[in-house]
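Start from the sequences and build out the full structure, keeping to the hints where you can.
Here the protein sequences line up with chains A and B, keeping their order.
122 is the number that the working numbering gives to position 122 of the first sequence; each next residue is one higher, with no gaps.
1039 is the number that the working numbering gives to position 39 of the second sequence; each next residue is one higher, with no gaps.
Take the hints with a grain of salt, since some may be wrong.
Some chain B residues close to chain A (C-beta under 8 Å, calculated; not the full set) [claimed, not checked]:
#1 Asn1042
#2 Arg1051
#3 Asp1083
#4 Phe1104
Straight-line distance between alpha carbons at most 30 Å, and here's what the computed DSSO-like set of lysine-lysine pairs gives [said to hold, decoys possible]:
#5 B:Lys1133 with A:Lys65
#6 B:Lys1150 with A:Lys78
#7 A:Lys161 with B:Lys1077
#8 B:Lys1117 with B:Lys1159
#9 B:Lys1159 with A:Lys240
#10 A:Lys151 with A:Lys285
#11 B:Lys1077 with A:Lys60
#12 B:Lys1159 with A:Lys151
#13 A:Lys16 with B:Lys1060
#14 B:Lys1145 with A:Lys161
#15 B:Lys1077 with A:Lys78
#16 B:Lys1150 with A:Lys161
#17 B:Lys1130 with A:Lys65
For the record, the hints were derived by calculation from the structure and aren't laboratory data.
No residue lacks a Cβ here, since even glycine has one placed at the ideal position from N, Cα and C.
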Amino acid sequence: MLLAVATLAATAQIKKPELMVIPSDVWCIQNGYFYEVENMGNKVKVPNYKQALQEDMGLKLAIAKLNDLMAERQFPLKSLEQTLKNIELQHAEDNLTVSKAGNDLAESPLDELARTAKCDIILELSWEMKDFGPKHSISYILEARDAYTGKSIGAATGTGKQSFTADVDVLLEEAIVANMDNFNNRLQDHFLEMQEIGREVTIDIKVFANNAAGVDLETEFDGEELIDIIQDWLQQNTVKGRFTMPYQSENIANFTQVRIPVYDNSGRAIDANGFAKQLAKMLKKAPYNIPCKVMVKGLGRAVIILGEK
Amino acid sequence: MKKKLLFILALMVTAVVATVDAKPKAQREMDEFRYEIQCAGNGVQGTYLVRVWTYNKKLKAALEACPRNAVHGVIFKGFVGGDGCVGQRALVREPGAEMEYEDFFNHFFASNGEYRKYISIVPGTEEQMKVDKVYKVGIVVSVQKDELRKALEAAGVIKSLNYGF
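Listed below in structure tokens is the structure:
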């Protein structure tokens, strides 16, 4: 009995969000760590994280310092370097540069990283040295973004005191140490909000044209339209019934600001895909019996297509 | 009748004495945390470097209160930055926490209280002036904020970053 209670308590434990530091796009481009690829006739600069990690000692130092400070707060960071190695192993690196062949980028490198690393929060880091005669100063930005929605969680920014020290590593370390508490305060606000009102995702529902099942969002079941049935399900399964529907027609419904529980009943972390699958499962069952296809668009967005598998 | 008058007079004297005594006591209590706190530079990892200005009618009392006020300021006030000095929010952000954990903080800020573990005074930084019979004493104090935060987390006064996970 005691064992069962202990097991239940253990499974009910909420998992920690995973965090990863990456250099920002602007820092990568300013320092020459990028690919230039063709996308729809336009030249697009894509950050080359691997090159940055291999060639920039300041970046490695910054990531190590951030990891040290976050570990001190019981939040060790996920390694960008290791994640990139995993991508290589999975031959996913080609996807990062797929647009060299002239194809569209299905996912940005950031999406690719977030998906592969399965991290919850991306910490984007950039800094720049500024010279004032013999003195130097460092401008520093650390911004946290929710990997699910891409929304900014908070940032620590500042320009350090002017110093005769020209060593960028010394000034960078000082900037990181000085700004970390303010950054963590914002992170903590986000965690507390997430625990209270859930994780924010987007769910799109579409309909296959001329589908064999003959359904659209206005198809009625027991006198109730399918869109209303879906809204009722969302009302019951989102945290505090929080979601909005900015657009709806007989073929498309967009649900944004959908607050899903951080973990399902078995204690597993769920993302937009997991949540959309639960909705699809309901639609596949009687009395609806609607064939559905769930497509993933990153951690925070899923599309359910009704009518065919 | 004479006894009654004497008794009433005695009561009045007691009340007046009590009132006279209460004012300085209240004033003393107010003076204890009458201070300003400023950023004095970016401290080394795990510390905040602050300049605290304490006001008191007695120079010795003002000097003695400075380190305690520095810790009090880091916990409850925070401080603004500027000129490359990074301002910080208070460690305790829930309003009313000082009252809620009154017993804890009474012990913590007692004359030989635990707050002493988290401070070191930077030598040669003392400044003092007298304005309207009140001393204003300033000193730079290094506050070990990481250790202080851990102590407050352990006491349940503040939530850790890890809270809820």
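Q: Measure nothing beyond the straight line between the CA atoms of Lys1159 of chain B and Lys240 of chain A; if it is 30 Å or shorter, mark the hint as holding.
A: Distance ~24 Å between Lys1159 of chain B and Lys240 of chain A Cα, so the pair holds.
Q. Is the hinted pair Lys1150 of chain B and Lys78 of chain A satisfied, with a Cα-Cα distance of at most 30 Å?
A. Roughly 24 Å separates the two Cα atoms, so the pair holds.
**Q.** Straight-line alpha-carbon gap Lys1145 of chain B to Lys161 of chain A, limit 30 Å
**A.** With Cα atoms ~21 Å apart, Lys1145 of chain B and Lys161 of chain A stay inside 30 Å; holds.
Q) Can the restraint linking Lys151 of chain A and Lys285 of chain A be considered satisfied, given a maximum Cα separation of 30 Å? A) Since the Cα atoms of Lys151 of chain A and Lys285 of chain A sit roughly 35 Å apart, the hinted pair is violated (cutoff 30 Å).
Q: Starting from Lys1117 of chain B, check that the Cα of Lys1159 of chain B is at most 30 Å away, please.
A: Roughly 21 Å between the alpha carbons, so the hint for Lys1117 of chain B and Lys1159 of chain B holds.
Q | Pair hint outcome, Lys16 of chain A versus Lys1060 of chain B [Cα-Cα no greater than 30 Å] | A | 49 Å, violated
Q) Does the structure keep Lys161 of chain A and Lys1077 of chain B at a Cα separation of 30 Å or less? A) Holds, at about 23 Å.
**Q.** Proposed proximity, Lys65 of chain A with Lys1130 of chain B (alpha carbon, max 30 Å)
**A.** Roughly 45 Å between the alpha carbons, so the hint for Lys1130 of chain B and Lys65 of chain A is violated.
Q: Grab the minimum C-beta distance from Asp1083 of chain B to chain A and call the hint holds if it beats 8 Å, violated otherwise.
A: Holds: closest Cβ of chain A sits about 6 Å from Asp1083 of chain B, inside 8 Å.
Q. Against chain A, is Arg1051 of chain B within 8 Å by beta-carbon distance?
A. Since chain A brings no Cβ nearer than about 15 Å to Arg1051 of chain B, farther than 8 Å, the hint is violated.
Q: Starting from Lys1133 of chain B, check that the Cα of Lys65 of chain A is at most 30 Å away, please.
A: 49 Å, violated
**Q.** 30 Å Cα cutoff - pair Lys1150 of chain B, Lys161 of chain A
**A.** 29 Å, holds
The earlier numbered hints that this structure contradicts are 2, 4, 5, 10, 11, 13, 15, 17.
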